[in-house]
Amino acid sequence: MTEVAEIDTALEWTSDEIMTVVAARELTGEMVCFVGIGLPSKAAILARATHAPNVTLVYESGCIGAKPDRLPPSIGDGVLSRTADAVVSVPEIFSYWLQAGRIDVGFLGAAQVDKRGNINTTAVGEYDRPTVRLPGAGGAPEITTSCGTVIITLRHSARAFVEKLDFVTSVGHFEDEELERQRARHGHGPQVIVTDLCVLRYQPSSREFEVTSLHPGVSVEDVLAQTGWPVIISDDLEETAPPTKEELAALRRFSESSAHSR
Amino acid sequence: MTEVAEIDTALEWTSDEIMTVVAARELTGEMVCFVGIGLPSKAAILARATHAPNVTLVYESGCIGAKPDRLPPSIGDGVLSRTADAVVSVPEIFSYWLQAGRIDVGFLGAAQVDKRGNINTTAVGEYDRPTVRLPGAGGAPEITTSCGTVIITLRHSARAFVEKLDFVTSVGHFEDEELERQRARHGHGPQVIVTDLCVLRYQPSSREFEVTSLHPGVSVEDVLAQTGWPVIISDDLEETAPPTKEELAALRRFSESSAHSR
Amino acid sequence: MNARPLTLSDAVAEFVHDGDTVALEGFTHLIPFAAGHEIIRQGRRDLTLVRMTPDIIYDQLIGMGCVSKLIFSWAGNPGAGSLHRFRDAVENGYPHPLEIEEHSHAGMAVRYQASASGLPFGVLRGYAGTDLSQLSPTIRWITCPFTGEELAAVPALSIDVSVICAQQADRRGNVMMWGITGVQKEAVLSAKHSVVLVEEIVDDFTPHVNAVVLPSWTIDAVSVVPSGSYPSYSEDYSERANDFYAQWEGISRDRVAFHAWMTNHVLETKDHAAFMESLTAIGVTT
Amino acid sequence: MNARPLTLSDAVAEFVHDGDTVALEGFTHLIPFAAGHEIIRQGRRDLTLVRMTPDIIYDQLIGMGCVSKLIFSWAGNPGAGSLHRFRDAVENGYPHPLEIEEHSHAGMAVRYQASASGLPFGVLRGYAGTDLSQLSPTIRWITCPFTGEELAAVPALSIDVSVICAQQADRRGNVMMWGITGVQKEAVLSAKHSVVLVEEIVDDFTPHVNAVVLPSWTIDAVSVVPSGSYPSYSEDYSERANDFYAQWEGISRDRVAFHAWMTNHVLETKDHAAFMESLTAIGVTT
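Protein chains in written order, with numbering that gives the first Met the number 0: chain A, 0 to 261; chain B, 0 to 261; chain C, 0 to 285; chain D, 0 to 285.
Here are some chain D residues the structure puts well away from chain C; computed CB gaps all over 10 Å:
{"#": "1", "residue": "Asn-91"}
{"#": "2", "residue": "His-95"}
{"#": "3", "residue": "Ser-237"}
To spell it out: a stretch of chain B is covered by chain D in this simulated footprint if at least three of its residues, at any positions, have a beta carbon under 8 Å from a beta carbon of chain D; those stretches are:
{"#": "4", "stretch": "83-95"}
{"#": "5", "stretch": "98-104"}
The calculated lysine to aspartate or glutamate pairs, modelled on EDC-like cross-linking and capped at a C-alpha distance of 16 Å, are:
{"#": "6", "chain 1": "B", "residue 1": "Lys-163", "chain 2": "B", "residue 2": "Glu-207"}
{"#": "7", "chain 1": "C", "residue 1": "Lys-68", "chain 2": "B", "residue 2": "Asp-127"}
{"#": "8", "chain 1": "C", "residue 1": "Lys-68", "chain 2": "C", "residue 2": "Asp-19"}
{"#": "9", "chain 1": "A", "residue 1": "Lys-163", "chain 2": "A", "residue 2": "Glu-207"}
{"#": "10", "chain 1": "B", "residue 1": "Lys-244", "chain 2": "B", "residue 2": "Glu-11"}
{"#": "11", "chain 1": "D", "residue 1": "Lys-68", "chain 2": "A", "residue 2": "Asp-127"}
Note that these hints are calculated values from the structure, not bench results. Fair warning: this is a prediction, and the values are worked out from it, not measured in the lab. Backbone N, C-alpha and C define an ideal beta-carbon position, used for all residues, glycine too.
Work out the full structure: start from the sequences and follow the hints.
And the structure:
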């Protein structure tokens, strides 16, 4: 705990911390957010604890309007059901809430992502005899197509940012323009990818994710080296605003209380 | 009330009372029964109060296992939800409970019925400009096809027992044998019609409802006069066992408490 | 956006427009009578009304000429008689013809569910052999792509505004109802806008068997209207006025008696409290 | 027929057979670990397991060779790591090959709902463009007969026996669960038979937010197994053993360590109470 306090004073942060903080900033106002496990959950809770207290968190476990004060180790944690405005069944959360278009923002992780925001959480290698079997689809395919917009977060590496996915678990944007138009009737799909190096945003003109912001200390070369396709660097490239003292303090506070709750 | 007590001693009964008592006898053991409003509800509550205490009553208002101690004036009465084992939504009662085949017996009233147990609760006369507009289908079409068996109760008259329905609201048994076979995969359809004159049972050989039991004091001629088609009288025609003292007492007790609850 | 507190009069003015498709849902319990009366007071016209079990309040709306179309599955006064204003419209075109689109309960429930789920249609095992399936363009057939079985398909309902009653709202505008909750959740989640009448505002909800909570952001307006469901009831707040349902048979059977009653108790009362007082004044126990 | 009180051992013996399709459902909360352990003790083989979120208990069943097929939508140890026995079966065919039939959560939920509704299939807006829809024979396309829109269709699940945990049963065998109740109601209503593990028997249920009651006659057997969901949890009875989930990563990664653990804590314990004691004996706080 002493160590954490020292870092806080110096305003240094880990790569996971800046990724979480930058992702949290994407949530604003009264957005209704569908939250997956892990970093997405952390970012959404951070947003509520800092600049966006009126964001509504919806978990696929059926908890609507959960108000966790610590990071739940799973999306089925009791702190979610106990603090929710309503708890519904899992079939209902997918039909009446997600599919019905009631969710503004979906928040997804991924093992692999491509330039159109398609993601793979199913398998690395051949599907029938994979080298790494991943957990599978979960809520992702319908989160990407039913939410107003989608935020993807994952660590930036050439293994994760690939030219061609081993398996398309969830469709970001279709290559086929007619399919893409149909898809867009129910939501705009992934609009931003937040990594530990940078922020990428979907550009309708190029129909690709382009790097729009580099985190402090990261170079274009760093990003190119860790991206498996010749990623477009935006003409309006910015430097990501570093995590504030308040953001880091809040993030560490609930990470700590989560460790305590063990 | 004095009058009722006198009738009770003499074991006399009204035509509605014998109809209710005889219908109630069709419910036995641990049957799960889907109960409509009016006489069906009365008969089902009577069955539970007398010979069949373990019958489970399910109401389309979502009340499962309701245990009313008085006759509710509607199927949405508070006595049903307050005494139910579970209360579910109306969509759920029709999907997870009725359509899923979880109900042994459906209990229906009707304005018109034909020899195959088809019923009309929609309109008398032309559909587009009816002479009498009836309430409509309600739960009946799916009750007749999804329950294990169906009991129909209505007062016997030539206006009600017709050769040809003005409108087929709910199908009892199809004329077409192939359609009837398909239908029977999900339930046996109407098997009994209980009226204030007699009991009719569906006979697979003739594929019609046949009169199998005459209530005390009713003649074959009475039934023929009040039936709009040449109804088959069963070779094994019996006389209906008259209401017992216990049946009448129970029936009048909860009818009375219902009147009081007004 | 969270639900706004509005008077019922303001809520109806803002959310119910001439020509709208409106569902005032309720299943015997929690029927939003006060909202129906307010729609009559404000003189809405050309409404398409949706409800599984249209009862007296729909009879009143139809009889007062507010309604051009009814989508429903069972139109009666349960245990008490007919809806004579509904019948007069269908049988005699009075006060004007009423278009009807009718289904079974199961079909209507599936239409609500499809709509609440954002699907264009729903599937049920039903309607086979019925005359309804012959004449209704809203019943079609679909083949299971796995078993080949033929099933009925019905289209999602398209509703402009749903109005329901619930027992309580909290200070943030979440609402909670319990007892028989019917298809009201689906009605709210099917509609573009929704108004909820509640008995009272509470600080915190107490758990109830079968409680249904609708989050504030799914609702447009919350109106506090004590006994807003009268002569229907609100479990734990009021009893159903079964006498009133029985008396409606007499009031509604006659066109003149109906209009006199509506004038005295609805048109000439300014709100639900005044409506209730007008009944007390003629000796009705409310 | 009402639910019978049975020991978990008798319930598994009577209702879970070699070759059956079995759903031990639960969504983080109320996972029927004790039933999975008993199935392992009784040496069931060739099971088809169904669950949206297979976790450690399915990892154990797969690792112990009980399972020939898995129908699921997300197989992981949430927040803690992988299911290494599941991965070993899929990646290396150890202890034997595992057939998989996978869906998205939405697809699995619709399959459960269709089955609980007695329909042969269900419809959702999903899967478009995914590789899953290319390779799975259980995802087909269907056209809305009203709008022409193409939607995904998935077949109903066919389940022999579902096993769930609930907090309480009453003396007639009705069961009540609350907190996160996942897809457990649908699991029970989808299955030919069902077994419910409860923390205790009570005289009367107390209302809870989001309580789900399953009537006794929808259940075959009720077994009282205190902490039967450990290391999962039962809201208001126990806390989730998050440490155990974290430790499973280490235990399950190695085939030898896995078998040693299963032998010590499952095969050589006679029931769930003994399993819990065996953990206490090695210093695990249960």
